[in-house]
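K.L.:
Turn these sequences into a full structure, and let the hints steer you where they fit.
Going down the list, the sequences are from chains G and S.
The end of the first sequence is residue 111 by the numbering used here, with every number in the run present.
The end of the second sequence is residue 1117 by the numbering used here, with every number in the run present.
You can trust all of the hints, since none of them are fake.
Beta-carbon label-pair distances, calculated as ranges:
1. G:Leu18 x S:Met1040: 26 to 34 Å
2. S:His1010 x G:Ala17: 32 to 40 Å
3. G:Thr5 x S:Asp1057: 21 to 29 Å
4. G:Ser9 x S:Pro1084: 21 to 29 Å
5. S:Gln1080 x G:Thr55: 41 to 49 Å
6. S:Asp1057 x G:Tyr39: 24 to 32 Å
7. S:Ala1002 x G:His10: 28 to 36 Å
8. G:Ile110 x S:Gln1017: 41 to 49 Å
9. G:Leu56 x S:Pro1081: 47 to 55 Å
10. G:Lys68 x S:Pro1081: 46 to 54 Å
11. G:Gln2 x S:Gly1003: 20 to 28 Å
12. S:Gly1042 x G:Glu15: 22 to 30 Å
13. S:Glu1062 x G:Leu56: 42 to 50 Å
These are calculated hints, taken from the structure and not from any lab test.
Just so it is clear, CB atoms sit at the ideal spot from N, CA and C, and this is done for glycine as well.
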Amino acid sequence: AQSVTQLGSHVSVSEGALVLLRCNYSSSVPPYLFWYVQYPNQGLQLLLKYTTGATLVKGINGFEAEFKKSETSFHLTKPSAHMSDAAEYFCAASTGNQFYFGTGTSLTVIP
Amino acid sequence: DAGVIQSPRHEVTEMGQEVTLRCKPISGHNSLFWYRQTMMRGLELLIYFNNNVPIDDSGMPEDRFSAKMPNASFSTLKIQPSEPRDSAVYFCASKGPNRASGANVLTFGAGSRLTVL
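P.N.:
In structure tokens form, the structure reads like this:
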């Protein structure tokens, strides 16, 4: 079975600093990979996805993620954090109709 | 597109009462998922449907929970009788058919926050 691990349940960065949220998946077959963001009292919103092709994927709000098969990783980055980036972030993997979510990383942005 | 629509957004009820949560998936999507989110357990898949047929209900906690999808545009999640430990946010999500535009992406509704007193 697939599993997704997010390292660090809480991450704090200063405004303007680099954001790095880590995600690793376990699978011998690379699945489709996703990052979702959840703002307070809202549903999960797709940030970006990797299916096939280019391994560096750009998403909304300046986020990007790189699929590294050799490391089974799909880390999320943003060069400069903004206060509005404070939210919960979920990494997910899917194979067909099976979706596997990480436990989430809460991002705090310090002014 | 209005996205995935869930109702009610908030529900407060007393223990023992029946609760019905509703979901309208995105038009053209043929897979529908019900999730539950709590602080303690995170995001849990309860059940998913493909073409209105329940495929995997192994996440349904117990017989008090039931879900139906009578047609492609409507699904319900029912809890009867409800208990305080059912308090959570319940999300519905839908997905388009494989090879279609937007396939392999789950689109979530805004959620239904349930409080059982």
